[in-house]
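Trainee: What follows is each chain in one-letter form.
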Amino acid sequence: MKRLSFARLNEFFAAIAASNALYLPVDNSKGKAEYKKWQEGTEMSRQLNTLRSAKDFFFPQTENLMEFKMDGKSVEVIDTRREAEDFVIFGVRACDAASFKILDSVYLVDPVDSYYKTRREHGVVVTLACARPAETCFCKVFGIDAADPAGDVTAWETDEGLMLRANTEKGEKLLSLTAALLEEGDERAVEAAQEKTREIIEKLPLSSLSTEGLGAGKTAELFDRPEWKALSEACLGCGTCTFVCPTCQCYDVRDFDTGNGIKRFRCWDSCMYSDFTLMAHGNSRNSQVERFRQRFMHKLVYYPDRSGGTFGCVGCGRCLSRCPISMNIVKVMKTLGGKNK
Amino acid sequence: MQELMKKRAIELLADGTCDRVLGWEKGDFAYDQTPALFHTAEELRASFVYNGFSAANLSKYLVKECRAGGKIAVFLKPCDTYSFNQLLAEHRIKREMIYVIGVACDGKADVEKLKDAGIDGITDIREEGECYVVSTIYGDKTVKKAEALAERCLNCKSRKHMAYDELIGESGEVVPNSGRFDMVEQLEAMTPDERYEFWRGELSRCIRCNACRNVCPACTCEQCIFDNPKSGVAQKAAVNSFEENMFHIIRAFHVAGRCTDCGECSRVCPEHIPLHLLNRKFIKDVNSFYGEYQAGEDPAARPPLGRYEKNDIEPGEAGGNRA
Amino acid sequence: MNNETLIPYVGIVTEITQQTPDVKTFRVEAPGGGKLFEHKPGQCAMLSVPGISEAMISITSSPTNTEYMEFSVKKCGCLTEWLHAMEVGQMITVRGPYGRNFPVYDELLGKDLLFVAGGIGLAPLRSVINYVRDNRDKFGTVDIVYGSRSKDDLVYYKEIVEEWCTTEGFNVHLTIDNPQEGWDGHVGFVPNFVKELNPDLKKTVLMCGPPIMIKFTLAGLMDLGFQKEQVYTTMELRMKCGIGKCGRCNIGNKYVCKDGPVFRFDELDELPNEY
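Protein chains in written order, with my numbering: chain A, 308 to 648; chain B, 160 to 482; chain C, 161 to 435.
Extracted from the complex, chain A is given alone in its bound form (with noise of 0.2 Å):
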């Protein structure tokens, strides 16, 4: 365990982006916050959370896949592939880093997606413990532990300073690069904030959000419940659930001609939107019940179904501050599940 006093956190970020660019947390103008690169004078918000997840640096909204050039009847692909520079976020909280396991779990598979590849290859991830979770918080529900994250390295802020862990060969030489500013932490500073957190956490509305009668192996029983109907009525069909949920990880792929020769560029998509799944003859999906309820049993079914019983929820609680209507994944586990009348 290592400390860093408060005094210095300036000089860590530094120590730490003379070599690597390093995103964090920062207010924007309207008081959110969203990862921005540190320099000078960056000043790291006090949020508990960004707007937006940090799946962003792994699988960002729109990337180039490759070009092409077009002549007559002839076609050359151009391999627009790079490598990724070494690049720190520092600040991800506990349910962002369970989702990099989420998404890994499905683009470092067989095919291996190498855009994403080369990101989480060059990525380190510093993940700061929550000290005051919001109302709106359920990662306990998941396994998550808000109060220990995963991540290369994990940090808590503690009335000691910030204690730092490395957990990873990446976190190790990370740290390394700080060293001069670091001091042996003791454990006992990091357990006290823990225990203030996991405090909070028990006190937490969702804390005892139960996930019985969901998960692997329900199809059968939640796919044709009459619920759906009302749990979906007002929804918009609009993607703001989808891009601020840090493990939806659905994307179109789209082409662009640039004048100069066609870009292949993919984006994130939503299984909420009409032509999620729209062919040229029909759709499988046409009604927006249908795609709502899609959206839903992925993470609460079909995805525990492929991953051993993991939830493809990390109960971030995004989608629950910024669902147009409060709609959320939290109400229709209440309304299907088993124990949560």
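Just so you know, the hints here were simulated from the structure itself, not pulled from any lab data. Hints are not guaranteed to be accurate.
[As the list claims (entries may be wrong)] Under the rule of at most 20 Å between Cα atoms (straight-line distance), these lysine to any residue pairs were calculated in the SDA-like manner:
(1) Lys-304/B / Asn-314/B
(2) Lys-389/B / Ala-245/C
(3) Lys-376/A / Ser-213/C
Got chain A sorted already, so can you dock chains B and C onto it with the hints?
Mentor: Coordinates of chains B and C only, in the frame set by chain A:
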């Protein structure tokens, strides 16, 4: 108020005036209400809610609901009735299938304002006179209602219902000089470069979730051009900053003269982009070019952009200052 | 850099055959000649014209064909319209092979096979049929029931008549929806025709066609006493990646691109009815 509404809704279901009621359903923390259909007295008793956080404008749901068979009752706040009228004017809703209960509104709260003020761990919110008492896991906090008002309510244009079959509570008056164009004027006073910077700063945060479009009562096209793969402009993400700007500007053009300034676009934007300012600029321009006009005030009125008159302003004159 | 399956090969269209008024078959070879990659019967590939779009198309040629791959495409959307308008010599992009094949290397060995197809649905089965023709000793008898709206809408008509009908152990049963001048064969819909033919219950069925044909044929087969474990089909849903990542072609917890497109009906039974 809520109890009166609930009672009346139960009566309307019982006497056959309607077979379902569109209102707001309570959520987990008092502020997270969902628009919902109530079919029975039991459903209404269990979860109907109306308070300072019942913000959603329910009028757009009527486009679908008025075609679903059976008469529907709906609660509309004053500003929602403008959307309702506009939808009537555009023949998007069938008046005879809808029973409108106008409900008084003294402004809706924006929970983000409470959170920005440092209130967290919210478990419940009660109204006590001019204040909200917010229960949190750290104890109760009291906030003046006025301090939690949403932007659109701070600049409320009208407390008067433009359409209703019956009223619960009182209908107020149109608010003269509401101040809703103040920010537009500030933007107009900027240099083009400053203005461009302002909008780039705002629009660069857009994640193209389409919430603004999908919630907008003026956006009722069967298929939006941005969803039509054959249009050539259908994209789920902006390819570049140009597209990022154009999506919202094109949308503002499309609702120009039809936007009632209900403010739903800005309410739902997850990135808090003040999209209503684009619409208000159009409203302000339409007012100055064609005379005062408020979309949704009178469903029989001919909209200024939908009629031609010989003395209409010429494009050259309308260009305005391009300092 | 690692290999990236999303980055396609370039292939040259070396022959275009008009099969029916709205179906063409495209022969695709590598720029230096030969096949772009090997595949198994029933697998698919993502075909694309850059700037238009990319779509999953079944590989209709048999893997035993060592010179080229073929794709039969019905004109029905942006990409397929573009493909139909192109000329020989045009380059397109191809990536694959994707998905699960028909089990010709194990479960189907030695079996009597009944192929049931409607319209363009014969395209994915043709790969299997020709594989079986080229490995005649490994399989039992072959019955092919194929129907279309009219005689002009029967794909591979020449090949069916000249090659399949003349193969030993092959029985071909053609049908069209309505009587037509110059047609003295069977008239009627595929599901009824299958029932009339009253196939032996030992047969394994491979079926592809419009959803309505599949639905009624399956019901007919069940009436005859077939088990769902004996009937295979191949599915099609909207796909973008072809590798189970983009998230749209799922039926329940299965991705059609990766876990399918070939499914046995008892497997489909376990999935929600959303296709």
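Trainee: Could you run down the list of hints and mark each one as holding or not?
Mentor: Verification of the supplied hints:
1. For the hint linking Lys-304/B to Asn-314/B, the alpha-carbon distance of about 15 Å falls within 20 Å, and the restraint holds.
2. At roughly 17 Å between alpha-carbon atoms, Lys-389/B and Ala-245/C fall within 20 Å of each other, so this suggested pair holds.
3. Distance check on the hinted pair: Lys-376/A and Ser-213/C sit about 15 Å apart at the alpha-carbon level, within 20 Å; holds.
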